[in-house]
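Q: Listed below are the residues making up each chain.
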Amino acid sequence: MALLEIRNLSVEFETVSGAFRAVDGIDISVDRGDLMAIVGESGSGKSVSMLAVMGLLPWTATITADRMEFNGHDLRTLSGRARRKIIGRDLSMIFQEPMSSLNPCFTVGYQIRETLRLHTSLDRKARQTRAIELMEQVGIPAPEKRLSAFPHQMSGGMSQRAMIAMALACEPKLLIADEPTTALDVTIQAQILELLTDLQDRTGMALILITHDMGVVAETVKRVAVQYAGQKVEEQQVEALFDDPHHPYTAALLSALPERSQDRFLPTIPGVVPGQFDRPQGCLFSPRCQFADARCRAVQPQKASAELGYALCHYPLLHGEPQGKEASA
Amino acid sequence: MSDTILTAENLTRHYSVKGGLMRPDATVRALDGASFSLRPGSTLAVVGESGCGKSTLARVVTMIEPATSGRLTIGGKEIGPNGAKGDRDLRAMVQIVFQDPYGSLNPRQTIGQTLMEPLLLNRPEIGKADREKRAREMLLMVGLRNEHFDRYPHMFSGGQRQRVAVARALMLDPKILVLDEPVSALDLSIQSQILNLLVDLQERLDLAYLFISHDLSVVSHFADELMVMYLGRPVETGPLKDVYAHPRHPYTRALFSATPVADPRRKRNRIKLEGELPSPMAVPPGCPFNPRCWKATDECRQSFPEYTGGRHSYACFHPLAKDELPRAETQA
Ligand SMILES: Nc1ncnc2c1ncn2[C@@H]1O[C@H](COP(=O)(O)OP(=O)(O)OP(=O)(O)O)[C@@H](O)[C@H]1O
Ligand SMILES: Nc1ncnc2c1ncn2[C@@H]1O[C@H](COP(=O)(O)OP(=O)(O)OP(=O)(O)O)[C@@H](O)[C@H]1O
Ligand code: SF4
Ligand SMILES: [Mg+2]
Ligand SMILES: [Mg+2]
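Those sequence lines, one after another, are chains A and B. Letter by letter, the first sequence follows residues 221 to 549 of the working numbering. Letter by letter, the second sequence follows residues 98 to 429 of the working numbering.
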């Protein structure tokens, strides 16, 4: 059985201008020891879908799912008390904004020790030792000294690392890391990514990494899900995805990478991601897709086969060529 | 060189910060002796870790702040302590585009007003009709449309706002554009649009770019020359291809090796750096990189290495040999 199993997850926000669907029918399945990434443009619902899993969305959000299970628990019906037992121990998350998840009123050390007190049987002394060890692992120099610092006394990069230390405190079964290294310098980033993959290797931790950095994706994970406008449009093993993307959005995204271009001018994707009021009727990517035809603009595509990366597309690409076009013409 | 438009020699910007309770006054050596030149139609990229002085360099070059020492020559004029005050031609010569396409535009001004403002302030002799004509031409130049003229910034996407910021910077016909992380806040699909725009404008207007970025994949696509900074100082400068082919400074090598590459089949060779980037308030004596450098010797801890090499210059007592395998390098 998968560690995390999500089927047909949708999230709708109530807004002053009406309902807004931020996540639209997403499936995710994660096994023990999995290393997966979710990539996609800003606003594509990466954070919201994972916050839904954590049960951390505001009341304006309506969450629906056919299945939402973690380690055998149904997350949809879990009581608050049962949830608090799991979250922070078996399931933990590194948030996109570090400042929002560290409490400004307590020292970093207190917050790490408190997590350990709630979820482990370590005694006082062992908790302090473990806290120092965690701070060392995330590359914080002079950890004994930093433990008594308040979050605002640390630089952005430092508090980001303190938060990572806290999320790793109980060696979770699944870590959801939302842009964990975006605020960090590349030399520190390398260290953190190594720490995460090392934990996977050593403890069998599974990782869901949310990022927009295709370099980080290529170097860190084994499997990639691509999101566009709240939908999952493709999922593949990382090598296969970079070799032969099956959804036109993935293909366009990869070709926009500067390092893949020989030319002075880079390939671009015209237009922008649809918003609340200009959501197209058929395929959500159709206004920007170079392969779109009348069918794409009118009819929502179904998921393609596993061999075609479950591409949410009428004409999934194979070696850059759209499949099935003649049949419909 | 005869065709340089800007020359910086030992450009330095220190800040004094008042100490508080129990803390003495201190000097922040934000920019600590940078020498380089810019040429028309050419791009110098500046890379380095957060806090190494890139934005400080940008502000000094744009004459927003004076240098505390060193020489800055722009278009043959030596810049004094008053910067471009009272010299509107000089002020027009260097313009800047910032990272944040949200914060850098006035939300209460229409795009048209935003574009016309520099002319109003700097070229008051230009009449209203002409001002508007030039602003509308500029809109088209950066790939926006005529109907955008009367709209407000909040109606634009991040990429469009960055186009507006570029358009505004170009209104005074500058020769030099300082670009401080111009695409860092943008999505990949929008980033390529803006980079293409910058390439196109450079070719058409023969602009010199000082391009600040932390993204080496963008830099290697875009730049002609590369300057790697560490703690306020350039540690290595030279033609991009040469620096890539043979980085001489250990920090350059470490930076390259830590940068993730979007190729899952590539073998990683990461150099693990020990320690933190020290604060510019407490720059270590000798080579500023010595506490983290795997090649450091006593010499490195005592004196600052001179710049050596020609167009490809570097400051290191133990420059790397070609394809030298650093001891600290780990195979992953
Ligand atoms: N509380 C909320 N109320 C209304 N809309 C929201 C709320 N939170 C998020 N959204 C919207 O949901 C959409 C998805 O947001 P989300 O934060 O998941 O994007 P993301 O993919 O994580 O983007 P980024 O890469 O910028 O972090 C966005 O359009 C966002 O504006
Ligand atoms: N006005 C100021 N007063 C005091 N210190 C300053 C001032 N401006 C910048 N600094 C300090 O100078 C150093 C260099 O800052 P700068 O903004 O130039 O770095 P940067 O390379 O642009 O970093 P980033 O990549 O984070 O943008 C930093 O330590 C910064 O805190
Ligand atoms: S369904 Fe049509 S428009 Fe959508 S991605 Fe596929 S080809 Fe493009
Ligand atoms: Mg997010
Ligand atoms: Mg800066």
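If you're looking for bench data, these hints aren't it; they were derived computationally from the structure. Keep in mind that the hints are not guaranteed to be accurate.
Said to hold, decoys possible - No farther apart than 35 angstroms at their CA atoms in a straight line, the calculated lysine-lysine pairs in the DSBU-like style are these:
(1) A/K345 / B/K225
(2) B/K392 / A/K365
(3) A/K365 / B/K182
(4) B/K272 / B/K225
(5) B/K364 / B/K338
(6) A/K442 / B/K369
(7) B/K272 / B/K364
(8) A/K442 / B/K419
(9) B/K230 / B/K364
(10) B/K115 / B/K182
(11) A/K442 / B/K338
(12) B/K419 / A/K365
(13) B/K225 / B/K174
(14) B/K419 / B/K392
(15) B/K230 / B/K338
(16) B/K364 / A/K442
(17) B/K369 / B/K392
(18) B/K230 / B/K182
(19) B/K338 / B/K369
(20) B/K230 / B/K272
(21) A/K545 / A/K442
(22) B/K392 / B/K364
(23) A/K305 / A/K345
(24) B/K369 / B/K419
(25) B/K174 / B/K338
(26) A/K442 / A/K305
(27) B/K392 / A/K523
Q: Decide, hint by hint, whether the structure agrees.
A: Hints, verified against the model:
no.	hint	in the structure
1	A/K345 / B/K225	violated, 74 angstroms
2	B/K392 / A/K365	holds, 29 angstroms
3	A/K365 / B/K182	violated, 47 angstroms
4	B/K272 / B/K225	holds, 24 angstroms
5	B/K364 / B/K338	holds, 21 angstroms
6	A/K442 / B/K369	holds, 23 angstroms
7	B/K272 / B/K364	violated, 42 angstroms
8	A/K442 / B/K419	holds, 33 angstroms
9	B/K230 / B/K364	violated, 54 angstroms
10	B/K115 / B/K182	holds, 28 angstroms
11	A/K442 / B/K338	holds, 32 angstroms
12	B/K419 / A/K365	violated, 41 angstroms
13	B/K225 / B/K174	holds, 31 angstroms
14	B/K419 / B/K392	holds, 15 angstroms
15	B/K230 / B/K338	violated, 42 angstroms
16	B/K364 / A/K442	holds, 15 angstroms
17	B/K369 / B/K392	holds, 13 angstroms
18	B/K230 / B/K182	holds, 28 angstroms
19	B/K338 / B/K369	holds, 24 angstroms
20	B/K230 / B/K272	holds, 21 angstroms
21	A/K545 / A/K442	holds, 31 angstroms
22	B/K392 / B/K364	holds, 24 angstroms
23	A/K305 / A/K345	holds, 23 angstroms
24	B/K369 / B/K419	holds, 20 angstroms
25	B/K174 / B/K338	holds, 31 angstroms
26	A/K442 / A/K305	holds, 29 angstroms
27	B/K392 / A/K523	violated, 54 angstroms
In this structure, the hints that do not hold are numbers 1, 3, 7, 9, 12, 15 and 27, in rising order.
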